[in-house]
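Quick note, the sequences are listed as chains A and B, same order.
When the letters of the first sequence are read in order and numbered with this note's numbering, they come out as residues 1 to 349.
When the letters of the second sequence are read in order and numbered with this note's numbering, they come out as residues 1 to 349.
Read the hints as simulated data drawn from the structure, not as lab findings.
These figures come from a predicted structure and were not determined experimentally.
Every residue gets a Cβ at the ideal spot worked out from N, C-alpha and C, and that includes glycine.
Any given hint could be a false lead.
[Unchecked claim] Computed spacing ranges between beta-carbons, pair by pair:
#, chain 1, residue 1, chain 2, residue 2, range
1, B, A112, A, R145, 50 to 60 Å
2, B, Q316, A, G107, 51 to 61 Å
3, A, Q314, B, A151, 54 to 64 Å
4, B, P301, A, G82, 34 to 44 Å
5, A, Q314, B, E172, 49 to 59 Å
6, A, G82, B, Y15, 37 to 47 Å
[Said to hold, decoys possible] Computed footprint of chain B on chain A, listed as stretches where at least three residues anywhere in the stretch have a Cβ under 8 Å from a Cβ of chain B:
#, region
7, 41-49
8, 220-228
There are 2 protein chains.
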Amino acid sequence: MLEHGGRIVAAARQYAIPVEAWLDLSAAINPRPWRVPRIPAAAWARLPEEADGLEEAARAYYGAPQVLPLAGSQAAIQALPGLIPPCRVGVVAPGYYEHAHAWRQAGHQVQALPAATPDQAADDLDVVVVIQPNNPSGDSLAPRRLLDLHARLAARGGWLVVDEAFVDATPERSLAGYSDRPGLIVLRSLGKFFGLAGARVGFALAQPELLERLRERLGPWTVAGASRYVAAQALRDNVWQAATRARLLKDAVRLAALLARHGLPPSGGTALFQWVVTPAAAELHEFLARRGILTRYFDTPSSLRFGLPGAPSQWQRLETALRLLHSESQPAHPPLTKGGRGDLTVLAK
Amino acid sequence: MLEHGGRIVAAARQYAIPVEAWLDLSAAINPRPWRVPRIPAAAWARLPEEADGLEEAARAYYGAPQVLPLAGSQAAIQALPGLIPPCRVGVVAPGYYEHAHAWRQAGHQVQALPAATPDQAADDLDVVVVIQPNNPSGDSLAPRRLLDLHARLAARGGWLVVDEAFVDATPERSLAGYSDRPGLIVLRSLGKFFGLAGARVGFALAQPELLERLRERLGPWTVAGASRYVAAQALRDNVWQAATRARLLKDAVRLAALLARHGLPPSGGTALFQWVVTPAAAELHEFLARRGILTRYFDTPSSLRFGLPGAPSQWQRLETALRLLHSESQPAHPPLTKGGRGDLTVLAK
Numbered sequence: 001m002l003e004h005g006g007r008i009v010a011a012a013r014q015y016a017i018p019v020e021a022w023l024d025l026s027a028a029i030n031p032r033p034w035r036v037p038r039i040p041a042a043a044w045a046r047l048p049e050e051a052d053g054l055e056e057a058a059r060a061y062y063g064a065p066q067v068l069p070l071a072g073s074q075a076a077i078q079a080l081p082g083l084i085p086p087c088r089v090g091v092v093a094p095g096y097y098e099h100a101h102a103w104r105q106a107g108h109q110v111q112a113l114p115a116a117t118p119d120q121a122a123d124d125l126d127v128v129v130v131i132q133p134n135n136p137s138g139d140s141l142a143p144r145r146l147l148d149l150h151a152r153l154a155a156r157g158g159w160l161v162v163d164e165a166f167v168d169a170t171p172e173r174s175l176a177g178y179s180d181r182p183g184l185i186v187l188r189s190l191g192k193f194f195g196l197a198g199a200r201v202g203f204a205l206a207q208p209e210l211l212e213r214l215r216e217r218l219g220p221w222t223v224a225g226a227s228r229y230v231a232a233q234a235l236r237d238n239v240w241q242a243a244t245r246a247r248l249l250k251d252a253v254r255l256a257a258l259l260a261r262h263g264l265p266p267s268g269g270t271a272l273f274q275w276v277v278t279p280a281a282a283e284l285h286e287f288l289a290r291r292g293i294l295t296r297y298f299d300t301p302s303s304l305r306f307g308l309p310g311a312p313s314q315w316q317r318l319e320t321a322l323r324l325l326h327s328e329s330q331p332a333h334p335p336l337t338k339g340g341r342g343d344l345t346v347l348a349k
Numbered sequence: 001m002l003e004h005g006g007r008i009v010a011a012a013r014q015y016a017i018p019v020e021a022w023l024d025l026s027a028a029i030n031p032r033p034w035r036v037p038r039i040p041a042a043a044w045a046r047l048p049e050e051a052d053g054l055e056e057a058a059r060a061y062y063g064a065p066q067v068l069p070l071a072g073s074q075a076a077i078q079a080l081p082g083l084i085p086p087c088r089v090g091v092v093a094p095g096y097y098e099h100a101h102a103w104r105q106a107g108h109q110v111q112a113l114p115a116a117t118p119d120q121a122a123d124d125l126d127v128v129v130v131i132q133p134n135n136p137s138g139d140s141l142a143p144r145r146l147l148d149l150h151a152r153l154a155a156r157g158g159w160l161v162v163d164e165a166f167v168d169a170t171p172e173r174s175l176a177g178y179s180d181r182p183g184l185i186v187l188r189s190l191g192k193f194f195g196l197a198g199a200r201v202g203f204a205l206a207q208p209e210l211l212e213r214l215r216e217r218l219g220p221w222t223v224a225g226a227s228r229y230v231a232a233q234a235l236r237d238n239v240w241q242a243a244t245r246a247r248l249l250k251d252a253v254r255l256a257a258l259l260a261r262h263g264l265p266p267s268g269g270t271a272l273f274q275w276v277v278t279p280a281a282a283e284l285h286e287f288l289a290r291r292g293i294l295t296r297y298f299d300t301p302s303s304l305r306f307g308l309p310g311a312p313s314q315w316q317r318l319e320t321a322l323r324l325l326h327s328e329s330q331p332a333h334p335p336l337t338k339g340g341r342g343d344l345t346v347l348a349k
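Construct all of the structure, not just a fragment, from the sequences and the given hints.
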């Protein structure tokens with residue numbers, strides 16, 4: 001099993017800092033989640049029913065004709081590779097690594113595609129997996145360009161899989177409205193934008209035949225009844241959604257500026273995270289973790305992903321820690337030279 | 001996809017009776033579920049963590065050295081057949097039909113075994129699946145006998161899978177305590193006894209190597225964070241568990257007596273349901289459904305499963321409907337002749 005971010009409990013052990021003392025920026029989840037209301041007892045007691053209004057709420061929110069609820073988009077990421085015979089698959093890199101892992105596990109031939117130009121090798125591929133916007137690079141392609149890529153693949157019976165886990169704040173970048181086209185599969189999730197990662201609710205948007213095959217493979221009742229109830233309410237809350245889009249976009253600018261001010265100008269980002277490519281990523285991750293700030297470290301390329309702080313005190317805490325980067329003088333935590341993109345000096349331990 | 005009981009929304013449409021007006025006895029779930037407390041916001045917002053205490057609570061409750069949380073035992077029912085090369089599998093019948101379905105789907109050769117004597121054909125089989133106690137027949141085997149069956153299978157590298165979804169009220173019948181034996185796989189669920197079917201939490205109990213393979217196949221975060229929180233609390237609530245065991249066993253006797261009094265003596269049952277075998281099962285199901293009482297109909301053998309009523313008014317409602325069975329005189333709903341086991345006269349429509 002691949003290891004994942006969000007493992008605050010493990011970090012708490014490793015750094016001997018209690019769970020509740022951490023500022024967790026590792027999961028890139030909206031730090032001010034949709035507020036879960038009281039849940040009817042029946043949602044816990046009864047087997048989840050398909051006719052409870054969740055699908056309807058999702059169709060309206062996504063503007064998609066057909067949706068299949070999932071226990072997070074992770075469920076589709078794992079199951080989709082089993083629905084097509086072994087073939088040539090291109091997966092953007094860097095990118096959420098469960099995609100390539102799942103396609104390889106299912107016996108496909110997988111090659112990496114650049115996140116900014118996933119369409120270059122399309123004629124030699126049967127399936128292309130893109131992340132829109134990309135996690136962690138933040139690359140985002142014009143929908144028209146993705147639709148062109150899809151058309152080239154679909155003409156030969158291929159698929160375009162678009163993981164839109166981070167698209168909610170910029171819905172004009174989504175392909176959800178085109179998901180009735182054969183061979184186009186869009187994955188959505190309530191984990192990031194709604195801040196409901198613990199609910200385990202996502203959706204596959206695609207043609208009914210494909211969704212039925214996916215449903216058959218996943219089996220019944222994969223989404224908890226209480227989670228279905230929560231998700232349906234959140235998807236219908238247009239007022240919260242609009243306010244949250246505005247706030248996240250503003251906070252993303254603020255985070256990028258804060259990082260740049262401290263010598264860590266992001267190479268890219270979305271409304272929910274900023275991505276800093278630097279050869280000193282491992283040291284920086286360690287430096288922040290010792291201060292109870294958990295970020296997401298990537299080794300290829302050497303980089304860190306910063307989720308958004310929430311409360312004012314959290315912004316302050318991140319700023320204080322970044323300021324220490326330059327003033328810290330103990331040998332174990334030497335100062336990092338201020339520089340431009342990828343320009344931070346790696347210092348010997 | 002197989003169709004399931006518990007589809008109250010569909011029944012509401014079919015019989016034009018609003019959802020909230022039904023007495024649902026179809027799912028055999030404890031009608032007085034464990035009461036879900038306030039859930040911390042973090043359980044919804046954060047990715048589920050494995051170190052949150054759920055596994056520990058489950059090990060203590062089941063008396064099992066190793067547990068793997070699942071999105072209901074359904075998840076393991078679907079995944080287990082993929083962990084062993086195609087082989088000869090015996091599955092008890094009648095029994096929860098997802099078992100045979102899943103093994104067939106995965107390419108195994110499946111044969112039906114009598115629920116009361118699943119051990120007869122063991123020497124010709126590689127895997128045996130039993131349900132303890134059986135759903136819907138209520139058959140329950142002495143643990144020693146199941147351990148003998150297991151030993152015969154395991155000696156040849158085979159498996160015994162024991163689905164214990166209905167065992168919680170009679171824990172002395174469980175094989176959980178032996179689940180460290182190679183080739184013994186016990187499935188448990190919080191759906192029935194705890195009345196938390198909507199939480200989608202179950203467990204596989206088995207050797208660590210097998211659980212790791214199952215975990216790898218199912219992938220990360222299959223159980224919602226909120227569900228993990230609820231499950232951990234419920235598994236630790238020993239006082240509620242003891243009181244509930246006593247109550248369910250008493251209510252089961254009461255339900256069996258009520259059915260017998262109205263000419264429907266059960267052929268078997270557990271603490272959570274009674275099973276009535278009768279050639280008139282389809283008519284009886286229809287008769288009760290028209291009165292807003294949903295039972296679980298089986299065609300092979302022709303039978304009905306009755307879950308427990310909860311509130312006094314629900315007991316009264318079932319009794320009233322059963323009384324009508326004998327007094328009803330419209331041609332469309334003719335009286336059913338009173339009789340013994342399987343003795344009800346089937347009446348022409």
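Q: Hint says 51 to 61 Å; check whether the CB-CB distance for Q316/B and G107/A agrees.
A: 59 Å, holds
(Q) Tell me if the beta carbons of G82/A and Y15/B are separated by a distance inside 37 to 47 Å. (A) 38 Å, holds
(Q) Tell me if the beta carbons of A112/B and R145/A are separated by a distance inside 50 to 60 Å. (A) Given range 50 to 60 Å: holds, Cβ gap about 55 Å.
Q: For the range 34 to 44 Å, tell me whether the beta carbons of P301/B and G82/A fit it or not.
A: 36 Å, holds
Q. Lying within 49 to 59 Å: is that true of the beta-carbon distance Q314/A to E172/B?
A. Cβ of Q314/A to Cβ of E172/B: about 52 Å, so the range 49 to 59 Å holds.
Q.
Is the coverage entry for the region 220-228 of chain A by chain B consistent with the three-residue Cβ rule at 8 Å?
A. It holds, with 8 qualifying residues against the three required.
Q) Do three or more residues of the region 41-49 of chain A come closer than 8 Å to chain B, measuring C-beta to C-beta? A) holds (count 9)
Q: Return holds or violated for the Cβ distance of Q314/A and A151/B against the range 54 to 64 Å.
A: 58 Å, holds
Violated hints are absent here; each numbered hint is respected by the structure.
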